[in-house]
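Q: Residue numbers (our numbering), protein chains in the order written: chain A, 1 to 218; chain Y, 1001 to 1526.
Simulated from the structure, these hints should not be mistaken for laboratory data.
This one's a predicted model, so the numbers in the text were calculated from it and none came from an experiment.
Each residue gets a CB set at the ideal place from its N, CA and C atoms; glycine is no exception.
Mixed in with the good hints there might be a few duds.
[Said to hold, decoys possible] The calculated label-pair distances, taken between Cβ atoms and stated as ranges, are:
#1 Y:Q1088 with A:F18: 26 to 32 Å
#2 Y:G1086 with A:F18: 16 to 22 Å
#3 Y:I1027 with A:P137: 53 to 59 Å
#4 A:G72 with Y:P1113: 49 to 55 Å
[Stated by the list, open to error] Chain Y is nowhere near these chain A residues, computed Cβ spacing over 12 Å in every case:
#5 D65
#6 T126
#7 Q150
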Amino acid sequence: MIEFVLVSAFFWVPLIYFMMTLGFRLTRSIEQIELVNDVSQMFARGIDFSAASNQTLLTGTLAYDFGMAGNGGNAVTGGSTGPMVLVLSQYFYVNSADPSCNGCANRSQTVLERRIIIGNNTLIGTQGSPASVGTIPGGTLNTTTGTCEQADNNLPPPTQGTPTTCQYTVTTIQVGSFNSVMTNLPTNAGANVGGTVFFVESYYKDLTGKMNYQRSID
Amino acid sequence: MKAAKTRREKGFAIVLTTLALVSTLLIAGLGFDVGTLYLIRTKLQGAMDAAALATVRALAQNPNVNAAKTVGQEFLVANFPNGYWGAQPLASMPVANAITVSEIDANGNAGTPGTTATAKLVTVTAGVSAPLYFLRILGQNTANISFTAQATRQGLLLMLVLDASSSMGAHSFSGQTACQWAQQDAQAFLGYPQFDPDIDRIGAVSFATNTYTSPPIANFQSPAGTLNTSSQVYTDLGTFNCPGGNTNTSEGLQQGYNAISTFWAGATPSRANVIILMTDGAPNGWTSNWTTATLQAGSLCGPPAGGTLTGMVARWTPTENGILSVAAAPASKMNMAQTSAISTNGKCKFTTQNNTSYWYQDFATVPSVDIYGDVLYGASTYIPQGATTIAPPPNSSQAVNTAVPTNATPSSTSTTAPIGNSSTTTDWQFLDFSRNTADETATRLRTDATYRIAIYCIGLYGNVNAATDPWDVVDDTLLNRIANTSASQIYNPNQPVGVYVTTPDASQLSSAFAQIASAIVARLSK
Chain A
1 MIEFVLVSAF
11 FWVPLIYFMM
21 TLGFRLTRSI
31 EQIELVNDVS
41 QMFARGIDFS
51 AASNQTLLTG
61 TLAYDFGMAG
71 NGGNAVTGGS
81 TGPMVLVLSQ
91 YFYVNSADPS
101 CNGCANRSQT
111 VLERRIIIGN
121 NTLIGTQGSP
131 ASVGTIPGGT
141 LNTTTGTCEQ
151 ADNNLPPPTQ
161 GTPTTCQYTV
171 TTIQVGSFNS
181 VMTNLPTNAG
191 ANVGGTVFFV
201 ESYYKDLTGK
211 MNYQRSID
Chain Y
1001 MKAAKTRREK
1011 GFAIVLTTLA
1021 LVSTLLIAGL
1031 GFDVGTLYLI
1041 RTKLQGAMDA
1051 AALATVRALA
1061 QNPNVNAAKT
1071 VGQEFLVANF
1081 PNGYWGAQPL
1091 ASMPVANAIT
1101 VSEIDANGNA
1111 GTPGTTATAK
1121 LVTVTAGVSA
1131 PLYFLRILGQ
1141 NTANISFTAQ
1151 ATRQGLLLML
1161 VLDASSSMGA
1171 HSFSGQTACQ
1181 WAQQDAQAFL
1191 GYPQFDPDID
1201 RIGAVSFATN
1211 TYTSPPIANF
1221 QSPAGTLNTS
1231 SQVYTDLGTF
1241 NCPGGNTNTS
1251 EGLQQGYNAI
1261 STFWAGATPS
1271 RANVIILMTD
1281 GAPNGWTSNW
1291 TTATLQAGSL
1301 CGPPAGGTLT
1311 GMVARWTPTE
1321 NGILSVAAAP
1331 ASKMNMAQTS
1341 AISTNGKCKF
1351 TTQNNTSYWY
1361 QDFATVPSVD
1371 IYGDVLYGAS
1381 TYIPQGATTI
1391 APPPNSSQAV
1401 NTAVPTNATP
1411 SSTSTTAPIG
1421 NSSTTTDWQF
1431 LDFSRNTADE
1441 TATRLRTDAT
1451 YRIAIYCIGL
1461 YGNVNAATDP
1471 WDVVDDTLLN
1481 RIANTSASQI
1491 YNPNQPVGVY
1501 VTTPDASQLS
1511 SAFAQIASAI
1521 VARLSK
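Isolated chain Y, as found in the complex (with noise of 0.2 Å):
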């Protein structure tokens, strides 16, 4: 029995590993080739969502549609060599053919470029046929992985908000003032090859005191690639001039977000909204409805009829001694200059030329909000000396600086502090009120969530001599806070985050607005 057991046992091991060694290999054979195929599935798929954005970034870089391919196609190949693990391109998928440029209306469907196409998509459709090792033992050679992959280049509505108050006129750099400079430099960005007019529209607003607005168009562009000088926005931009006025900001903000919401009509936004707001100095003008019952005696201001008084306003100039001004329109476009003195024809001049008591009595009437409901003192949000509020304007009967006030010399109360908020030193507040309501309007543009503008902005140094007049130049903590860039005091990155550029005199705008360009369409790709 024993050795009949044994007899039976011998080569037991061998039989068992021979028979098992098909199914073993056969698995083991599975397992490669199935691993290597998922290796190479995953390395072709990272390849081509790589091919998409770098199309679509091409695309921002230029409109060229063939050569932004052609970029795609290369970092499809960079990222996945040929013959990456043995892998071949589908003969019936040739890398040429690989990407596809469209344009897609808002709804997602085929866009007509220049009215209803909103954004670019490109689609990468790209195969491999990868050898199999093992499992050729079942007669199949190669597998054949094939994907698709998109990315698109949204559409983009840019309102270009240019300031051209009286310091853009002031100084020449290079033979030309900061107002050529600004209008040449404008009129140039239009043509960069970053734009695309079959998706995107561009705007213009310019202001000082008051505002003028080019609405947003397409043609900008016409072909695509080639500034059209005809069209709307270039001429506009053509008038534009800087004889004097100050710097309203927030109104300047506001034209922008105007602009935009008039575009829509209505309708859900489907390019990326953005303002770009190009300043030379800080704010110092806002925009308020004042009720004239209540304007003091003497002044000059206000309808016949009473009730309310809408106005752009001015802070004192040195040749009209504590003056408020409500504006004229612009004389012609972008011309900033008025029509006709601030005291007739219906414009307003608060108070008589050089009585400085009215003035302040005047500025007694100061709401406490500007027009659009942004707060202009008490616990504002952007106080520049740090203080935790602002001062309201002292009433009337109070004790107040009566000095006459100039630009050199804001205050005779103090000298020390360019920026403050004594309530003696009106001009002072007048400034704090000025830049508290243009970072309120620009948090508002920001957070409104049918629109959320993302705003951009260029400082232009060099106007504004910091030295005499550091109250009034850039000022750097404002933007930072208008644009929400992450060195902002209130940064919020839920928020549209901008970018905020300086430059050091206006010959060198046009780099300004080249970085703004980049950085703008570079957040277009998805």
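With the rest of the complex left out, here is chain A (with noise of 0.2 Å):
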């Protein structure tokens, strides 16, 4: 009996914990990639993530199983519960021989025109994670939408001075650390496919407290 108890406290029970969390980790890891696989060609096929319909599709059905808080109100902006937060991120490359650029201040930038955040926002860049790449100053992010935007008035009446999207104005949108965070993809990369690159970032913390990171870029 000593040694059935011994053994089992000393090498079952660890074992059986270790091949659980192990197991636990992988099955999570593996629906986190599929997640944000999924995520990411939803996003890149045009899926409009700062709606309130399909943020809830994505927390009740998608991501049921890592118990995603949705945002609490704040559409693109994330909440501050639950053991998950997604980032959605949109990079543009502003190719100077894009007409709409025309010389623009960020010709030949690689800039964020577009994030939106689902989840707790307090787990992004924790425990050893990255950061999300770039921010939207507070003052051009559109809170519906999680675009840039500023008013335009060079637009003829009766639209003038109606908020345009940014990307080819502002310069606090640059990303320049882009190309060195994605140290896979080549030198303007979005230039190639159609100047825009749709970046999905998952942070997970699981139920031993680790930190779980995956990303896809389409």
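From the two separate chains plus the hints, produce the assembled complex.
A: Right, here's the structure in full:
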């Protein structure tokens, strides 16, 4: 009996715990990879995740197993509860030959033109996980759509002054570190795929308290 | 007995643990190794899907196959970094050879570029060698994982529908009229790298009061990436001119549709059908059948033999007060100049000039639908002022507004609302009819089950003075409806969804064309 207790305490129980933990984390990692792949492809195909209905679909169905919390009314900036957050970023390479640029301030630069955060935004960049690249300053962030916008006074009446996207003009959305973070992507990768690269990053704190990070690039 | 039993049980746990250890470790190892293999497999599959789609998106921006392959390879590696969980590319499947691009026809078989090919197929085949950890005790150090992923860049059948009404030639921007800018930018559009002559077809329609169609062709670029200035559509666009005429938007859209249906000639469409509508003002014309018997005395209109008169209707003009006219054929190609005066050579003028009472009498004969069956008035689909209906034209005996309309004052009864539904303001009604039939035509095209035509719109500001001529300025509401954008009052996600782009003046038209081109091809990747 003593041997059995000792063997159980120092061998079987740790082994089973280790196997369960490993299995759980493997399963969660696979699910997390599938989730970011799916969300990334949906995002790249134009699904609007700033819409509350699509966020509900995400938290209530696609990411249900993760116990993910919604945004609590914050359309694109995320909430502060739950074990997971998804960061959807849309990077745009401003080609100097783009007629809409026409010598603009952001020519030949990669910029962050849209960001949507769904879930617990306090998890981003914690426990050694990378922080998302780039920010959209509060003054130019459309808190409904997640895009960078500013009033355009060059438009003709009656649309003069209407907020329009500012990927060409606002220099603070440039992400000079983009290529160093995406070490496997070439310089100006976005230029080759229609100007835009879609990033989905997932930060998940599992039951053991460890942070799991996955990303997908489309 | 008791002592003997104790002796037999001593060390039992150790023995049992030792015996179980081998099988337990095998099972645990199998679980761990299979789990990691599945993890690697999932990551690789996602990376290959991303690579296939990135290649297609790159092809949609530029038909250079080698450049697109490079982009795909880069996305493959970005999503599946070398050494991910110890996995390494299989020597037999190098990343450099992972992606192939081929042309396929409507049946998915190999297609000939420029003729039978209707899509480009991207195939990504990759494999990795994943390390095993516990199962090495069985002599297996690695396991191979390989996949194939596919994506397509669908071909495109695109019709440019360009407004050639008189306002297009009325003002200059940076030394050129809007008409000249449109000609130049539309010709340049044919050479955009987003379009691929191997699988795409492009044609054009110019419209004012009447229309001209240049049918869709493949050699708008030759070779791919090089604008072919000898192509039919390029040379036809070279004759694009805007000497006069109204904005018969519904007829322009209809001719775009006709070109698409003629191209397919009854075959099942295997390309995405798209119309780009560029216009600088609100519609003010449409095409109808008139029963000549109802025409009023004094009208010069109608074939002598009677019967039905078919014609495109123009609104009054300042110099020909109160004329409903049936336009002649273009003088040449896309030159919208008419060959002769409206009232001669079989062309029609409903009334004599400067006799506005005839204008109102003839207006009373306007049919309830245009020649294509799209309603002009009644419980209409598009009411600019938000009313529930567009009133029918007054009958000829009804007291009507007989004031001579001018461009600056559309009605003597009211000048507060540029677009209205008053039964006494026939010229306003004319605009309502024109807008409504354009809206109806666009809806009919989008809901056509065979062709499912997506319509993209460019609203060109700057030609019409919004302060003095507000009823002729670009109608954003209407163009959003025509394109079925999310801003449309009748947005329907089950119909093809287009894009509406505005440009402040004609000198910036190329930017609008570029935005539209990118938006179109971005939706061709599957």
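Q: Does each hint hold? Answer for all of them.
A: For each hint, the structure was consulted:
{"no.": "1", "hint": "Y:Q1088 with A:F18: 26 to 32 Å", "in the structure": "holds (27 Å)"}
{"no.": "2", "hint": "Y:G1086 with A:F18: 16 to 22 Å", "in the structure": "holds (20 Å)"}
{"no.": "3", "hint": "Y:I1027 with A:P137: 53 to 59 Å", "in the structure": "holds (55 Å)"}
{"no.": "4", "hint": "A:G72 with Y:P1113: 49 to 55 Å", "in the structure": "holds (53 Å)"}
{"no.": "5", "hint": "D65", "in the structure": "holds (15 Å)"}
{"no.": "6", "hint": "T126", "in the structure": "holds (22 Å)"}
{"no.": "7", "hint": "Q150", "in the structure": "holds (17 Å)"}
Checked against the numbered hints given earlier, this structure breaks none of them.
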